[in-house]
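Listed in order, the protein sequences are those of chains A and B.
Reminder that position 61 of the first sequence reads as 67 in our numbering, one-by-one numbering, no gaps.
Reminder that position 137 of the second sequence reads as 139 in our numbering, one-by-one numbering, no gaps.
The reader is advised that the hints may include incorrect statements.
Pairs of lysine-lysine residues, derived as DSS-like cross-links and limited to a Cα-Cα distance of at most 30 angstroms, are as follows [as the list claims (entries may be wrong)]:
#	chain 1	residue 1	chain 2	residue 2
1	A	Lys199	B	Lys4
2	A	Lys229	B	Lys124
3	B	Lys9	A	Lys456
4	A	Lys190	B	Lys4
5	B	Lys4	A	Lys457
6	A	Lys282	A	Lys382
7	A	Lys434	B	Lys124
8	A	Lys282	A	Lys31
These are calculated hints, taken from the structure and not from any lab test.
As the structure is a prediction and not an experimental result, all values here were calculated from the model.
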Amino acid sequence: MLFNSIEFAIFLPIVFVLYWFVTNKNLKLQNILLLVASYVFYGWWDWRFLSLVFVSSLVDYIIGINIEKTEKKLNRKILLFASLFVNLGFLGFFKYYNFFVDSFIDAFSFFGMQFQARTLNIVLPVGISFYTFQTLSYTLDIYKHRLKPTEDIIAFFSFVSFFPQLVAGPIERASNLLPQFTKKRKFDLLQAKDGMRQILWGLFKKIVIADNAATFVNEIFEKSDTMPGSTLFIAAILFAFQIYGDFSGYSDIAIGTARLFGFKLMRNFAFPYFSKDMAEFWRTWHISLSTWLRDYLFLPTAYWTMNKIKNPKFLSIKAEVWGYVVGISFTWFLGGLWHGAKWTFVLWGCLHGLYLVVSHITKKFRKKTLRKLKIKKKNPVLVFIQTIGTFFLVTIAWVLFRAENVGQAFSIFNTILSESFFETPNLKGKVLLSGIFIIFLVVFEYIQRKKEHALEIQKWNLIFRWSFYFFVLFIGVFFGNFNEVEFIYFQF
Amino acid sequence: MKIFLIKIILFFVLAFIILSTIANLVIPSGKPAILSEQWYNVYERIVRSKKKIDSKTIYIGDSVADQIFNFKKTRNSLTCNAAILMAGHYILTYNAIENNPQIETVVLVSVPQEINTKFERKQVYNNFTLPFFTFENLKHFDSFLYSKFDQFPRSYLVLPMASKMLPLSDIDYAQGKKRSDRDILSDVSIHYLLKLNDLCVANNIELKIISPPVSEKLYKKTNNWKKMRTQIRELNLDYLFVDYFKNIRYLSEDKFKDGLHLKRRYLQESFLDRYKFNMIEEK
Numbered sequence: 007m008l009f010n011s012i013e014f015a016i017f018l019p020i021v022f023v024l025y026w027f028v029t030n031k032n033l034k035l036q037n038i039l040l041l042v043a044s045y046v047f048y049g050w051w052d053w054r055f056l057s058l059v060f061v062s063s064l065v066d067y068i069i070g071i072n073i074e075k076t077e078k079k080l081n082r083k084i085l086l087f088a089s090l091f092v093n094l095g096f097l098g099f100f101k102y103y104n105f106f107v108d109s110f111i112d113a114f115s116f117f118g119m120q121f122q123a124r125t126l127n128i129v130l131p132v133g134i135s136f137y138t139f140q141t142l143s144y145t146l147d148i149y150k151h152r153l154k155p156t157e158d159i160i161a162f163f164s165f166v167s168f169f170p171q172l173v174a175g176p177i178e179r180a181s182n183l184l185p186q187f188t189k190k191r192k193f194d195l196l197q198a199k200d201g202m203r204q205i206l207w208g209l210f211k212k213i214v215i216a217d218n219a220a221t222f223v224n225e226i227f228e229k230s231d232t233m234p235g236s237t238l239f240i241a242a243i244l245f246a247f248q249i250y251g252d253f254s255g256y257s258d259i260a261i262g263t264a265r266l267f268g269f270k271l272m273r274n275f276a277f278p279y280f281s282k283d284m285a286e287f288w289r290t291w292h293i294s295l296s297t298w299l300r301d302y303l304f305l306p307t308a309y310w311t312m313n314k315i316k317n318p319k320f321l322s323i324k325a326e327v328w329g330y331v332v333g334i335s336f337t338w339f340l341g342g343l344w345h346g347a348k349w350t351f352v353l354w355g356c357l358h359g360l361y362l363v364v365s366h367i368t369k370k371f372r373k374k375t376l377r378k379l380k381i382k383k384k385n386p387v388l389v390f391i392q393t394i395g396t397f398f399l400v401t402i403a404w405v406l407f408r409a410e411n412v413g414q415a416f417s418i419f420n421t422i423l424s425e426s427f428f429e430t431p432n433l434k435g436k437v438l439l440s441g442i443f444i445i446f447l448v449v450f451e452y453i454q455r456k457k458e459h460a461l462e463i464q465k466w467n468l469i470f471r472w473s474f475y476f477f478v479l480f481i482g483v484f485f486g487n488f489n490e491v492e493f494i495y496f497q498f
Numbered sequence: 003m004k005i006f007l008i009k010i011i012l013f014f015v016l017a018f019i020i021l022s023t024i025a026n027l028v029i030p031s032g033k034p035a036i037l038s039e040q041w042y043n044v045y046e047r048i049v050r051s052k053k054k055i056d057s058k059t060i061y062i063g064d065s066v067a068d069q070i071f072n073f074k075k076t077r078n079s080l081t082c083n084a085a086i087l088m089a090g091h092y093i094l095t096y097n098a099i100e101n102n103p104q105i106e107t108v109v110l111v112s113v114p115q116e117i118n119t120k121f122e123r124k125q126v127y128n129n130f131t132l133p134f135f136t137f138e139n140l141k142h143f144d145s146f147l148y149s150k151f152d153q154f155p156r157s158y159l160v161l162p163m164a165s166k167m168l169p170l171s172d173i174d175y176a177q178g179k180k181r182s183d184r185d186i187l188s189d190v191s192i193h194y195l196l197k198l199n200d201l202c203v204a205n206n207i208e209l210k211i212i213s214p215p216v217s218e219k220l221y222k223k224t225n226n227w228k229k230m231r232t233q234i235r236e237l238n239l240d241y242l243f244v245d246y247f248k249n250i251r252y253l254s255e256d257k258f259k260d261g262l263h264l265k266r267r268y269l270q271e272s273f274l275d276r277y278k279f280n281m282i283e284e285k
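Next up, chain B with everything else stripped away, as it sits in the complex (with noise of 0.2 angstroms):
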């Protein structure tokens, strides 16, 4: 019995060890065609929010501004999707100011239906539990980002390299609801906006936050954000959202393939044309 034991439990360290190696060969560099292609794209801008970067101005983003800011690979862009939440955004953001002290701006491109991007979304366990959530993050997260785990305990299960390879099955923190409250900020956002902020501030670097263009049915439909509006203004949030409605571009319904991200043809000239939107000033 002690020997069968034994030799188990030697077969699952030993399992855990490879396991490890491959993680921490496979995960931060190669292309791991294992891991889905959405996956491994916010692997990628982990990595690439550690390297040195050619530019005073940063991108974070959703996958909206990753269309357009990410088109032709720009280095300088760390644009990702909306599920990394704003604590992702946050953590990529740290990232290259630490490793880029020339950094003097720091500009958050979100549509307003996703720069609100709660915890409780399906996608988000895949792009920021296991992506994020490492021994090196750690510091990063607060008791805030513990109590939505709390909510989800095998969260907790992917703190180490190695487990984040083993399929320890999806979680779905929206436990299959479908998204609401779409045009009000997010506990999780709000959190994690004032943290981005006093990161800036701390090293002083300005933070802008500008908006993709945005489908016109939304403007109708939310009646020009009055709701998030007024949260902001509530909230004395204003100093961070400046201009930010105020420069949205609406767009007919035509130029998007799913109401939310820009179809191929308008892309090309959309990047072109990013600084006609106003929507960036390029240091």
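Looking at chain A on its own, in the form it has when it is part of the complex (with noise of 0.2 angstroms):
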């Protein structure tokens, strides 16, 4: 079911009414509600993918109990590989099977071998990567102690398939939200109301800039091979746009709805195209998903590289600076790959590696630099290079993200570097609609950027506050796009 959908619009009323006026003296009887929302919300796709959601949150609850009654380390360790061997040979098998199989094929011919194998054709389950990543860090947080396992099933299950991020995050950790299933919740109306609000907006990310930008980048990407530069330009740019509005929208709908049923999920972005640099953009885009990369796989790395060099410098660079770059480069080789079976999100990922570690060991000169030449931190002019900066080394990497292939991607680039970048590009009508209400959004974001949501305004006076809302909505039904556009996180 989708978020942006009539299905979703009378699905929510329904299951909101019944969690609050029908089940809300038990809390057992809430759980259940939401299990079954869950799975009707999740199987509305595709019902026979439920039995993967099932039987991934069926061993991680029994791996749990299990690790933590074992006291031996190598039983508590094959606990953890059994768990690590369910959850990723399910994502192995539907996501990266065929890409594999490509690839050993494309690596054997490369060096005049023929290697034969058979792809499937599979069905890519929605949602597979954030509810993998969700169960893996409980079974992860009790191996390492961080956390006691849970014995309520149904609360387990529940927040496993918790509808509002079942399928596009945030990926939450037990930590914060297995407790949240186990204790009553009361109904907050500061909490909803605003979670109210942020579902308006991620709405309008999604409907009015998301989906609109869409339909011209995707002409625009379907026919490159055609287009001068500046066109490319644009439609990258806008790519940066929709990819933002698409997966902040999602991730502020799936977190108001969270709101109204009590629930806080961990916040997700955080105006992430204000950054000033590479580092920042990553605190503040999918920071479910960065912090996960950086709790279970960077700073473990790390940490094994710098023990691995047992001098204080190798190759006359600090072991720190080794963890560091080794981290980050196989953190970002299989964050990239974490984002879709194709060397495009492989690429992807390197690049952003690439940004890191540049951006990482030019830290010390470049402050250096700016205290020489006196320029303060703050300087709005610096500020606002920085930022153009950082989003444009984004907005490169995403023209890999979201090309067909590798080779349209260079072939993108070398077009834009060309002298047809200088040609008049061709823009249709909706294009200009798109561009105002992008305007409009990084104004309005700017101006709130200090805020948990863009439409946390609870402070301002009833008539402009309720004016703006109906503002909002409005520019929703005139300008939206209702074709019920899937998310681009779901192919995750």
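Combine the two chains into a complex, taking the hints into account.
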């Protein structure tokens, strides 16, 4: 079920009423309702894949309890590997099987060898990467003694399949979300009202910003070989806003919806396009994934590397820097692959890894230079240049992310850097409209950038506030794209 | 909880009232840039049908007729497109007769492959249901149309004016199927053609059915509309289609831009020559 569908507009009030008026006196009943609602929500797309969510939940529920009970290190390790095997096995088979088979065939043929293997006609289960990471973090945290397992099977199953964030995150940690399923929840008027505001803003970003931009972007990328550099450049920028509107819009709706049910999900976006460097960008973009990668991939890899280098320096480079470089490279290679089984995603991840490494290595040099030039860190011109620079670096990487294949991405870069960049772009009427709304989004979010979400306007005067709600609502009604376009991150 | 629910309900009620106000201002009169051109055309014809027409003859018909008869915004032309169905043509005629008692002749101008348009067509939701299904027009909706709506219950949601502006999603009545049976009259065409005739008879008005030029290709393909002619004979509808097939002017394919609509270059000529085509006799 899509958030931007009529089905969801009917589903949500029904679940809300049942939750607060029928099952409100019994926590277990409330959790059962959420579990059933979540399975209906997911099964609406394809009920057969509910079995994967179910098996994944069951395996981690059992393994979690048994890891806690077992004291022997080896047995704990075996149990952890069993969980990794099942979860990553599902993910590997459904998401990466064909990719690896194709890549092996290509690699063998490159060396002049023939390799026979069959690819399968596999449907990618929606949100598999999200709930797999969520359940994995649960088992890993228990293994590391950071979390006690729950014995409440309903609470655990509801935690894994919680419908607002099941298919595209935020990827919740059990330590944050699971306890919320085991405590009595009270209706909080302020939370609910702010949740509704967040849903409204999320829908605006999705149907007005993302889906309108998508119409133009899809057309241009489809005919990229016949388009001038100027048009491709605009398409790349519009895609940057499309993916932001799409994914952060989804997160806003998810967080807002969860708040209606008394849950607090983690923040997933913090106005990332106002970041001044790449490290800040990744602290504000898809926060739940970047912190997951930091905690379960980057830090372990970085510490492992530093431990392997016994001296303070190796090849005259500090062990700490080696740790960072190896950790980031490994993390972003896998981070790219997490997004999709395509080389474009791997390259996208590697490029971000490179950005971060360069940014880390040049940090001191940049600081020194600014000090020498007597430019203050908060100088508005500097901040503006840094923000624009970061945005362009991110946009370059988005081209890789959006392209059908690596060849197309490089051809687009080539065309943008050619003379055709100075030609008049092929723009249609709706692009101008999209541009106006993007400017509105950027200005409004810049003003609100210190807030948790852009529509946190509860302190405004009542008339201004309600007028603004209606303004956003009617922009959505009149100018939104209502073709129920799927969220980009559903494919991951 | 109560405050929250009251506020939510209040918000949506207010939104509905504001939307209704905008809808009532925008849809019937203004130049709503936010509506698609085709959609706007239908609303414009509805508005036109309710105004004074300085003529004893009115024209209703499909998009080919609209190319010819509305070439210079002819005021007595209510031609529109075939997707408004014969039911839409009927409602336009009803409005025009009600507001213009001087009308003596109604000319239905439609090519055979469009006069038969059935309800189960992709564009019908946007061209007929949205603009015509209003409280004002309920008197024209009978059990026949409701039985069609029953197959797509979401159609009923667009009755209030405000909801016409809501993006309730396009409904494809054809359910993705390609158009077929283009050379026989559909049930909705027959049903409302008879009602149109009754309306004209009741008001002592002459009803003429004529066709704009048609591609030669279709003449051959349909064997001069053999199926449709047989159907008309079997249903005893000959009295409505007097000389209809006989007077169709067939043109070579190069005169059409898509096999149905005339090329712009040829339009001027056909507009000027429409009398020569023996299509009409202006009163």
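Next on the checklist: Need the list of violated hint numbers for this structure, in ascending order.
Outcome noted: 8
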